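What follows is each chain in one-letter form.
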Amino acid sequence: AQSVTQLGSHVSVSEGALVLLRCNYSSSVPPYLFWYVQYPNQGLQLLLKYTSAATLVKGINGFEAEFKKSETSFHLTKPSAHMSDAAEYFCAVSDIGGNTPLVFGKGTRLSVIA
Amino acid sequence: DAGITQSPRHKVTETGTPVTLRCHQTENHRYMYWYRQDPGHGLRLIHYSYGVKDTDKGEVSDGYSVSRSKTEDFLLTLESATSSQTSVYFCAISRGSGANVLTFGAGSRLTVL
Chain A
1 AQSVTQLGSH VSVSEGALVL LRCNYSSSVP PYLFWYVQYP NQGLQLLLKY
51 TSAATLVKGI NGFEAEFKKS ETSFHLTKPS AHMSDAAEYF CAVSDIGGNT
101 PLVFGKGTRL SVIA
Chain B
115 DAGITQSPRH KVTETGTPVT LRCHQTENHR YMYWYRQDPG HGLRLIHYSY
165 GVKDTDKGEV SDGYSVSRSK TEDFLLTLES ATSSQTSVYF CAISRGSGAN
215 VLTFGAGSRL TVL
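Listed in order, the protein sequences are those of chains A and B.
Counting from 1, one number per residue, gives the positions in the first sequence under the numbering used here.
Counting from 115, one number per residue, gives the positions in the second sequence under the numbering used here.
Heads up, a few of these hints could be off.
Counterexamples of contact, computed for chain A against chain B with all Cβ distances above 10 Å [what the hints assert, rightly or not]: (1) Ser14; (2) Glu15; (3) Gly16; (4) Ser26; (5) Ser27; (6) Phe63; (7) Ser70; (8) Thr72; (9) Ser84.
Examples of chain A residues toward chain B, derived with CB under 7 Å [claimed, not checked]: (10) Gly43; (11) Pro101; (12) Phe104.
It is worth saying that the hints were derived from the structure and are not from the lab.
Given the structure is predicted, the values throughout are model-derived calculations rather than measurements.
Backbone N, C-alpha and C fix where the C-beta goes; we use that ideal spot for every residue, glycine too.
Build out the structure end to end from the sequences listed, making use of the hints.
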């Protein structure tokens, strides 16, 4: 079965610093990969997705992620953190093709310090 | 979120009572999902539906049942609620073809006393 592991349940960065949230997947075949963001008391919103096209994927709000098959990773980055980036971030995986349900990681809470 | 309505948004109930959560969509999508969110566990799939009267179990389906009698509504029922089912429940629909991009509702917070 597909699974993802998010390293670090809580990450804290200073405003203006690099954001790096880690996600590793387990699959013998490169899957589809997603990053979602959840702001307090809201549902989840799609940040970006990898669907076997370009390995560097750009998303909303200045975030991007790079698919690395050799490392089975899909880490999320942003060059300069903003206070509004404080939220919980979820990595998710699904099989290629069809509407296979997404499997989510446990989430990483990002705090941004002024 | 746009096109998805969950009700009720908040509910407090007692152990042993039945509870039904409703997810309503206005966009006629075939696939609908129920997830629960708990601290330290992320989101876990309860049940999903791939059409009217077509449903399947997810990772944490024990104690839950679902029904989909029409495209726009997907109901999640706890036949006899337990304290371990205290959680935030999210409904999602699948909008895209190919990659399964989900759009989530605002969530239903359930407390079982």
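Hint-by-hint comparison with the structure:
1. Ser14: At about 25 Å from chain B, A/Ser14 clears the 10 Å cut-off, so the statement holds.
2. Glu15: Nearest chain B Cβ is 26 Å from A/Glu15, so the label holds.
3. Gly16: Holds, since 29 Å exceeds 10 Å.
4. Ser26: 15 Å, holds
5. Ser27: 15 Å, holds
6. Phe63: Per Cβ check, A/Phe63 is outside 10 Å of chain B; nearest 16 Å; holds.
7. Ser70: Correct as stated: the minimum Cβ-Cβ distance to chain B is 22 Å, above 10 Å.
8. Thr72: 18 Å, holds
9. Ser84: At roughly 19 Å from the nearest Cβ of chain B, A/Ser84 sits farther out than 10 Å, so the non-interface label holds.
10. Gly43: 4 Å, holds
11. Pro101: Hint on A/Pro101: holds, closest Cβ of chain B at ~5 Å, below 7 Å.
12. Phe104: 4 Å, holds
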